[in-house]
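Here are the chains, one letter per residue:
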Amino acid sequence: MGRFIARRLLFGVVVLFVISLAVFVLFFVVAPGDPAANFVGKSPTPEQIQQAKVRYGLDKPVPEQYLQYVGRLLHGDLGYSFRNAEPVRKTLLDRLPATASLAGGAAVVWLLMGIPIGILAATKPRSIRDRLATVFALGGLSIPPFVAGLLLLYFLYYRLSLNGLDIFPASGYVPLTQNPFEWARHLILPWFALALVTAASYSRITRGSLLEVLGEDYIRTARAKGLSERRVIYRHGLRSALTPVVTLLGIDVGTLLGGAIVTEVVFGLQGIGQNAIVAVSTGDLPVIFGTVLFAAFFIVIANILVDIAYAVLDSRVRLA
Amino acid sequence: MTIIAADELAEGRPPASPDSQPPAQRIEGRTPLQLAWARLRRDKVSIFCLFVIVLLVLSAVFAPVLTGWIGHGPNEQYRDIGLSPEGLPQAPNGTFWLGTDDLGRDILSRIIYGTRVSLLVGVLATALAVLVGLAVGTTSGYYGGKVDTFLSRTMDVFLSFPFLLFAISLVSVFQPSLKISIFVIAFFTWSNVGRIVRGQVLSIREKEYIEAARSLGAGDFRIMTVDVIPNLVAPLIVYSTLLIPTAIVFEATLSFLGLGVVPPTPTWGNMISESLSTYLQAPWFVFFPSLALFIATLAFNLLGDGLRDALDPRAARVLARK
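Chains as they are written, first to last, in the working numbering: chain A, 1 to 320; chain B, 321 to 642.
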């Protein structure tokens, strides 16, 4: 187990290294234009650009620049924003609670929708309710998150507020520590917008994997022992059927922690993703950089956790 | 009436040209694809989706003709009749069947033109991703060993990219355009195809007919192209059909974030993005482009689902009927 985790961690470090290299090459080598121009104000003089080059080490050879950049990264220094000169790390950490609240809450909602629908479908394959579950799944897969968000906003915010029912606010984020009730009220619509779309794949995966498990011998044994159907499905079947769900969950949450860009933009949540969009539109390179690496970090960690969870949940998996 | 058992499908060779038919009643050998088509034809949902997709393709191809009939170009601004006195979009009416947008343009015409971008991006990005994924996946699975380790690790790295985030930064560096959208989408999907192909090739390369081909002196390249890849046709058809809607949504997302095809080119994502300031007063402005997006992606998703059933030889169904 220890060796396995060590190997996975090592590979994770390699992945982060490759991504940092890709990002660096993309912005400082491939990108058209002089990166130094970003560090000075609008319409700079050549002298100002030259000064910026020297100051930020951009006059040095590219490989050396990269090493400097990695060196700073290893100290946890992601640089400073061009726009407001704030340390990028601070910005990202400030924005993380909103994004994490969105991702975590939405995950709870989509699990509560997706898994039961998957179970209902798998326990009666080819029945009407199985078909309805398929319709739900394919419909959900076909709705882009921003469409789901806009529709929820139109019907549950705007139409309700026209009738004097201000139940859901349109946008904004209230920290959990400040007011838990307002926190949840501001997040309900984003949670559902994200979850409706994501629950679809969870119901499909639960259905597929539970169907497969229910066909196995040990389930027949359990039934032959005279266990109730409920016990067979929930105790014996579901345990191994949920392994792929855990995998998917880890990766989805890991990805979302790096910014649920579309949902944050639609609902005006000041999270990491929204910040990234602002950074992209203003050419704020250090912030884009930092966000990509930050997001990749979460994905890598999620992948490692998923692999470990796999081994713990499913005794058939051998760690190699 | 011929009865062909499903296990004949497992033969695995893709269709050659249909046999020339001598007269009289002869038992017709049907290729796997013909069999799959026969199955698909009985699946009403899939056929309906196919019909919808054909309609979408036709409206993309004949967009100028269709909008000519409607009489409103996609970028013509009817500021006098297309906007209310307060400057808000007009609701659907006899002149503008699906209403107008914030600049007084006909939403229907713009949706029809938007089909072009969506389908083009969906199909081209998928084709590119499948091509690269096929090449890398086949090489990786066929050679195994160090080549496999390197290529599958590369695919793992690609799968660890925060892709939407990286995609928007890529687009922002290279300036948004149709070409860059296609490239970016393919860039982040090929590794999914590669993984699937690799898995399939790993099992195919152990088959006896591969050994037979090798003992007859066939080279690696010939074995890969003649004996291995044709066996991947079925899963690739299914997977491509399911990738197209993903690519369409991806493109719409980029457009929605202002990083897709540059306005005023009508795309569904652009339209939804443009509707943001007025859609609460003019819900049709967001509703119809969203509906178009939903119908297109749903049609491809349902068809992919049907194709999976039709092309899967393990779905033990006995086929009758001519």
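Any given hint could be a false lead.
[As the list claims (entries may be wrong)] Here are the simulated distance ranges between beta carbons:
1) F17(A) <-> E531(B): 48 to 54 Å
2) A6(A) <-> L375(B): 38 to 44 Å
3) V582(B) <-> S127(A): 46 to 52 Å
4) I390(B) <-> E182(A): 31 to 37 Å
5) Y463(B) <-> L9(A): 26 to 32 Å
6) R362(B) <-> V108(A): 37 to 43 Å
Just so you know, these hints were derived from the structure itself, not from any lab. Keep in mind it's a predicted model, so treat the numbers as computed, not measured. Every residue gets a Cβ at the ideal spot worked out from N, C-alpha and C, and that includes glycine.
Hint compliance check: list the failing hint numbers for this structure, sorted ascending. 1, 2 and 4
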